[in-house]
Amino acid sequence: MADVPDNAPEHCPGTQSEKAGKSTACQGCPNQTLCASGATKAPDPAIAEIGVKLSTVKHKILVLSGKGGVGKSTFSAHLAHALASDINKEVAVLDIDICGPSIPRIMGLEGEQVHQSGSGWSPVYVEDNLAVMSIGFLLSSPDDAVIWRGPKKNGMIKQFLRDVDWGQLDYLIVDTPPGTSDEHLSIVQYLSATHIDGAVIITTPQEVSLQDVRKEIRFCQKVKLPIIGVVENMSGFVCPKCKNTSQIFPATSGGAERMCSDLNLPLLGKIPLDPRIGRSCDEGRSFFNEVPDSPATKAYHSIVQKHMCMCTKHTHTDTHTHEYTG
Amino acid sequence: MEQNNEDNLAQVQHVVLVLSGKGGVGKSTITTELALALRHAGKKVGILDIDLCGPSIPRMLSVGRPDVHQCDLGWVPVYTDAEKSLALMSIGFLLDDPDDAVVWRGPKKTALIGQFVSDVAWGELDVLLVDTPPGTSDEHLAVLENLKKHKVDGAILVTTPQAVSTGDVRREITFCKKTGLRILGIVENMSGFACPHCSECTNIFSKGGGEDLAKLTGSVFLGSVPLDPLLSASIEEGKDFIQSFPHSPTFSAITSISHTLLNSLQAA
Ligand SMILES: Nc1ncnc2c1ncn2[C@@H]1O[C@H](COP(=O)(O)OP(=O)(O)OP(=O)(O)O)[C@@H](O)[C@H]1O
Ligand SMILES: Nc1ncnc2c1ncn2[C@@H]1O[C@H](COP(=O)(O)OP(=O)(O)OP(=O)(O)O)[C@@H](O)[C@H]1O
Ligand SMILES: [Mg+2]
Ligand SMILES: [Mg+2]
Ligand SMILES: [Zn+2]
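Here the protein sequences line up with chains L and Z, keeping their order. The UniProt record's numbering applies: residue 1 is where the first sequence begins, and numbers increase by one. The UniProt record's numbering applies: residue 1 is where the second sequence begins, and numbers increase by one.
No wet-lab data here; the hints were simulated from the structure. Quantities reported herein were computed from a predicted structural model and do not represent experimental measurements. Incorrect hints may have been included.
As the list claims (entries may be wrong) - Taking lysine-lysine pairs in the DSS-like style, the calculated list, with each CA pair at most 30 Å apart, reads:
{"no.": "1", "chain 1": "Z", "residue 1": "Lys149", "chain 2": "L", "residue 2": "Lys22"}
{"no.": "2", "chain 1": "L", "residue 1": "Lys41", "chain 2": "L", "residue 2": "Lys22"}
{"no.": "3", "chain 1": "Z", "residue 1": "Lys215", "chain 2": "L", "residue 2": "Lys222"}
{"no.": "4", "chain 1": "Z", "residue 1": "Lys84", "chain 2": "Z", "residue 2": "Lys177"}
{"no.": "5", "chain 1": "L", "residue 1": "Lys41", "chain 2": "L", "residue 2": "Lys243"}
{"no.": "6", "chain 1": "L", "residue 1": "Lys298", "chain 2": "L", "residue 2": "Lys243"}
{"no.": "7", "chain 1": "L", "residue 1": "Lys19", "chain 2": "Z", "residue 2": "Lys84"}
{"no.": "8", "chain 1": "L", "residue 1": "Lys22", "chain 2": "Z", "residue 2": "Lys148"}
{"no.": "9", "chain 1": "L", "residue 1": "Lys306", "chain 2": "L", "residue 2": "Lys243"}
{"no.": "10", "chain 1": "Z", "residue 1": "Lys108", "chain 2": "Z", "residue 2": "Lys43"}
{"no.": "11", "chain 1": "L", "residue 1": "Lys224", "chain 2": "L", "residue 2": "Lys89"}
{"no.": "12", "chain 1": "Z", "residue 1": "Lys108", "chain 2": "L", "residue 2": "Lys22"}
{"no.": "13", "chain 1": "Z", "residue 1": "Lys148", "chain 2": "Z", "residue 2": "Lys108"}
{"no.": "14", "chain 1": "Z", "residue 1": "Lys108", "chain 2": "L", "residue 2": "Lys19"}
{"no.": "15", "chain 1": "Z", "residue 1": "Lys148", "chain 2": "L", "residue 2": "Lys19"}
{"no.": "16", "chain 1": "Z", "residue 1": "Lys215", "chain 2": "L", "residue 2": "Lys224"}
{"no.": "17", "chain 1": "Z", "residue 1": "Lys177", "chain 2": "Z", "residue 2": "Lys239"}
{"no.": "18", "chain 1": "L", "residue 1": "Lys89", "chain 2": "L", "residue 2": "Lys243"}
{"no.": "19", "chain 1": "Z", "residue 1": "Lys108", "chain 2": "Z", "residue 2": "Lys149"}
{"no.": "20", "chain 1": "L", "residue 1": "Lys41", "chain 2": "Z", "residue 2": "Lys177"}
{"no.": "21", "chain 1": "L", "residue 1": "Lys19", "chain 2": "Z", "residue 2": "Lys215"}
{"no.": "22", "chain 1": "L", "residue 1": "Lys53", "chain 2": "L", "residue 2": "Lys298"}
{"no.": "23", "chain 1": "Z", "residue 1": "Lys177", "chain 2": "Z", "residue 2": "Lys149"}
{"no.": "24", "chain 1": "L", "residue 1": "Lys298", "chain 2": "L", "residue 2": "Lys222"}
{"no.": "25", "chain 1": "L", "residue 1": "Lys306", "chain 2": "L", "residue 2": "Lys41"}
{"no.": "26", "chain 1": "L", "residue 1": "Lys53", "chain 2": "L", "residue 2": "Lys222"}
Make a model of the complete structure from these sequences and hints.
Shown next as structure tokens:
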């Protein structure tokens, strides 16, 4: 997998790329001979290290969408809050949106910094049983831009998995940027020596969003990542004054419902547009505590319930197969 | 492609990037509407869509998925109209199956964007708008690097009013400063929603954040576009909103932004 040494030139194709040691950027790089020899293209030893490191994590869930701004980060944060409301569960969120990390703000951790401990980086804690890691904790100011090409982003993701002191976890939730590129390939490859429960796909009801989400589903199929289900977010808005519903993002092609039935995927639920969700995100508070009895909170809880069922079902079949077939 | 296409951008007067650190804030929608507004103002416009994993422009202008043809100068862009006043190039035109995922790492994306910049025979254009994916990574660096030989007028930054969005756009502003890209102004999109049943205004994604960001960073504020279901419906169906709803506040907002943009391009 693509990786870039610290002393590499700006356009380094990555030590594991086909072009390693051979591209024009490699001219004059101290690693050129090594890269050209092919030695760096062997499977990254980090994959096995990560496998060992994360063997204490029971469930790993990716939150994905081909489309931007559909609510991946909001969902990741609130799924984590919901799971962590059981104080016997250890939950963590890993934000691999390297250029646009939203998790620190949404989880009320802006300005926090990561600490170095004996066994690696320590994550930042929202609660005793809710840990978070994001590149946002490594930036010194809110104006800092992370202007990195793919290989450097991949290197960061590798560090997040291998060098963070995650400890024993029941759930690791990974929030991703939109698209099907470096971050997505890297997380799947770096986790390939572990078991990923699957991906939750987030979409909004319009075709402009669904057309990108279908690509993400293809991506999951290509890399053999199971899909736990699809969540339709921002579906309909109930006017607080007259109580009429407006379809601000209209489901012109049948919405997530049609897509799920066409592609034979479970629809986990629909979450309405609610200005209080946006406000809680901006203020870094859990929406569940702010408005516990709203339709959006109920929708979220029902999705989380279904989701947990699928995850536990998975563990059961995993652990019982040997007994029944053995 | 090995043609002599050094000059494919020679007759393009102005190049403007549409950027945002945040996803889904309406970069593609604003690009589309500005292109339509500029065209209605009699300009020849091009859109280069460099969102390779999630191209939206072909659908937003309902051009379908025509084949892209070659000419001596390179790729012929797709035109939305017989007068050829609005030209497009997008990876959407190059895929056999619209649901296919473009699972590419940076270097491959960089290579295609290089081709998009040098090998599209745009001909004469008043303005070329570049629609981008969110972030500050391969696509953004690639397009700027390839446009170095030509003059880039600057960037329009799109944000929603929410802090979650303006926070990411602050980082994008740093990107512009570091890469020497002029900021033409900030657009606040999805600003306030007027209920079509009772006209009560709800700020679903908050309000005023884009304007505050402009003040904070000393950037020009180009205006706010309301959250308008007629706009999202037009975008879904690929209809020309500018033509269909000339009396709506959204129309006034978009046309005023396009006027300010044109003035600042011509003044420069
Ligand atoms: N159901 C909802 N109702 C109202 N606002 C919402 C809802 N879901 C999300 N939001 C708001 O919409 C915006 C986009 O959400 P979010 O940042 O979670 O999306 P994302 O998919 O992670 O975006 P990106 O692609 O940039 O990572 C945020 O400002 C969030 O507060
Ligand atoms: N002012 C508006 N009123 C109503 N709907 C809007 C408005 N602006 C954008 N939308 C809708 O919001 C959705 C997201 O917009 P769009 O695709 O333009 O965002 P983007 O920033 O290009 O997203 P991405 O980061 O995925 O490229 C689209 O369905 C679009 O129709
Ligand atoms: Mg996000
Ligand atoms: Mg877009
Ligand atoms: Zn109303």
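Verification of the supplied hints:
no.	hint	result
1	Z/Lys149 x L/Lys22	holds, 26 Å
2	L/Lys41 x L/Lys22	holds, 13 Å
3	Z/Lys215 x L/Lys222	violated, 46 Å
4	Z/Lys84 x Z/Lys177	violated, 35 Å
5	L/Lys41 x L/Lys243	violated, 60 Å
6	L/Lys298 x L/Lys243	holds, 18 Å
7	L/Lys19 x Z/Lys84	violated, 41 Å
8	L/Lys22 x Z/Lys148	holds, 25 Å
9	L/Lys306 x L/Lys243	holds, 28 Å
10	Z/Lys108 x Z/Lys43	violated, 33 Å
11	L/Lys224 x L/Lys89	holds, 28 Å
12	Z/Lys108 x L/Lys22	holds, 15 Å
13	Z/Lys148 x Z/Lys108	holds, 20 Å
14	Z/Lys108 x L/Lys19	holds, 11 Å
15	Z/Lys148 x L/Lys19	holds, 25 Å
16	Z/Lys215 x L/Lys224	violated, 47 Å
17	Z/Lys177 x Z/Lys239	violated, 36 Å
18	L/Lys89 x L/Lys243	violated, 38 Å
19	Z/Lys108 x Z/Lys149	holds, 21 Å
20	L/Lys41 x Z/Lys177	violated, 37 Å
21	L/Lys19 x Z/Lys215	violated, 46 Å
22	L/Lys53 x L/Lys298	violated, 36 Å
23	Z/Lys177 x Z/Lys149	holds, 19 Å
24	L/Lys298 x L/Lys222	violated, 34 Å
25	L/Lys306 x L/Lys41	violated, 41 Å
26	L/Lys53 x L/Lys222	holds, 26 Å
This entry does not satisfy hints 3, 4, 5, 7, 10, 16, 17, 18, 20, 21, 22, 24 and 25, going by the numbered hints stated previously.
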